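**Student:** Chains as they are written, first to last, in the numbering used here: chain A, 1 to 111; chain B, 1001 to 1110.
A portion of the hints provided could be inaccurate.
Unchecked claim - Label pairs and their calculated CB-CB ranges:
#1 A/Thr-5 with B/Gly-1028: 43 to 53 Å
#2 B/Glu-1009 with A/Ala-38: 17 to 27 Å
#3 B/Gln-1025 with A/Thr-30: 42 to 52 Å
#4 A/Gly-16 with B/Tyr-1030: 21 to 31 Å
#5 A/Leu-41 with B/Glu-1014: 48 to 58 Å
#6 A/Ala-38 with B/Glu-1005: 41 to 51 Å
#7 A/Thr-20 with B/Gln-1025: 20 to 30 Å
#8 B/Gly-1041 with A/Pro-62: 45 to 55 Å
#9 B/Gln-1076 with A/Glu-75: 15 to 25 Å
#10 B/Leu-1054 with A/Thr-20: 42 to 52 Å
#11 B/Gln-1076 with A/Phe-69: 25 to 35 Å
Said to hold, decoys possible - Non-contacting residues of chain A with respect to chain B, defined by C-beta distances greater than 10 Å in every case (computed):
#12 Lys-13
#13 Ser-31
#14 Leu-43
#15 Gln-44
#16 Glu-53
#17 Asn-56
#18 Arg-67
#19 Asn-71
#20 Glu-75
#21 Asn-77
#22 Glu-82
#23 Glu-99
#24 Ala-100
#25 Gly-105
FYI, nobody ran anything at the bench for these hints, they're computed from the structure.
Note that the structure is a prediction, hence the values are computed from the model and not measured.
Backbone N, C-alpha and C define an ideal beta-carbon position, used for all residues, glycine too.
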Amino acid sequence: EAGVTQSPTHLIKTRGQQATLRCSPISGHTSVYWYQQALGLGLQFLLWYDEGEERNRGNFPPRFSGRQFPNYSSELNVNALELEDSALYLCASSPLNTEAFFGQGTRLTVV
Amino acid sequence: GQSLEQPSEVTAVEGAIVQINCTYQTSGFYGLSWYQQHDGGAPTFLSYNGLDGLEETGRFSSFLSRSDSYGYLLLQELQMKDSASYFCASSGAGSYQLTFGKGTKLSVIP
């Protein structure tokens, strides 16, 4: 069974640009969670999608947005990139139980 | 809101036992999870406590005391491959996203 897949693995953008990150959950999982992991910090919750709807968002500005498609894959968009957005962005899927399955992440570097 | 505190670094000898503590302040606390993350890798699920007490999974055990807002992860028979960061994470009733601690970097030395 395929795990959570994320693309691209690495992404380099310049300040002010937009970044789009993609995530495919484990087959059968309807919930997708996005987390930001900046260097030396823990995972900060960004967004939760379930059944195509945004269910909750963390304490991030509106330039962080996303969506979930009918096949439950998800996209995270970061507009007007700032240097401090450089981080590992992790996607996780869950069958709404206690365990989350994480992808390998997208390493976003803003220069 | 939710916040979790855990030590930033722990060093232990191969073959020994190590305990990583986690204290939390949360509203609507539902349960405590533990995740392992090797450098450059994805976090992987280790254990979950929804009720007070000890949960054992092989060499790893996790404990929760709701009255003390405290939990710990116990790693026995440490191996070099256990060198990684360990995160405690809480979940709230009705909302399944996890709130993570900042992580404990475990170094296992020969």
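**Student:** Please list, smallest to largest, the hint numbers that this structure does not respect.
**Tutor:** 1, 3, 4, 5, 6, 7, 8, 9, 11, 13, 14, 15, 17, 23, 24 and 25
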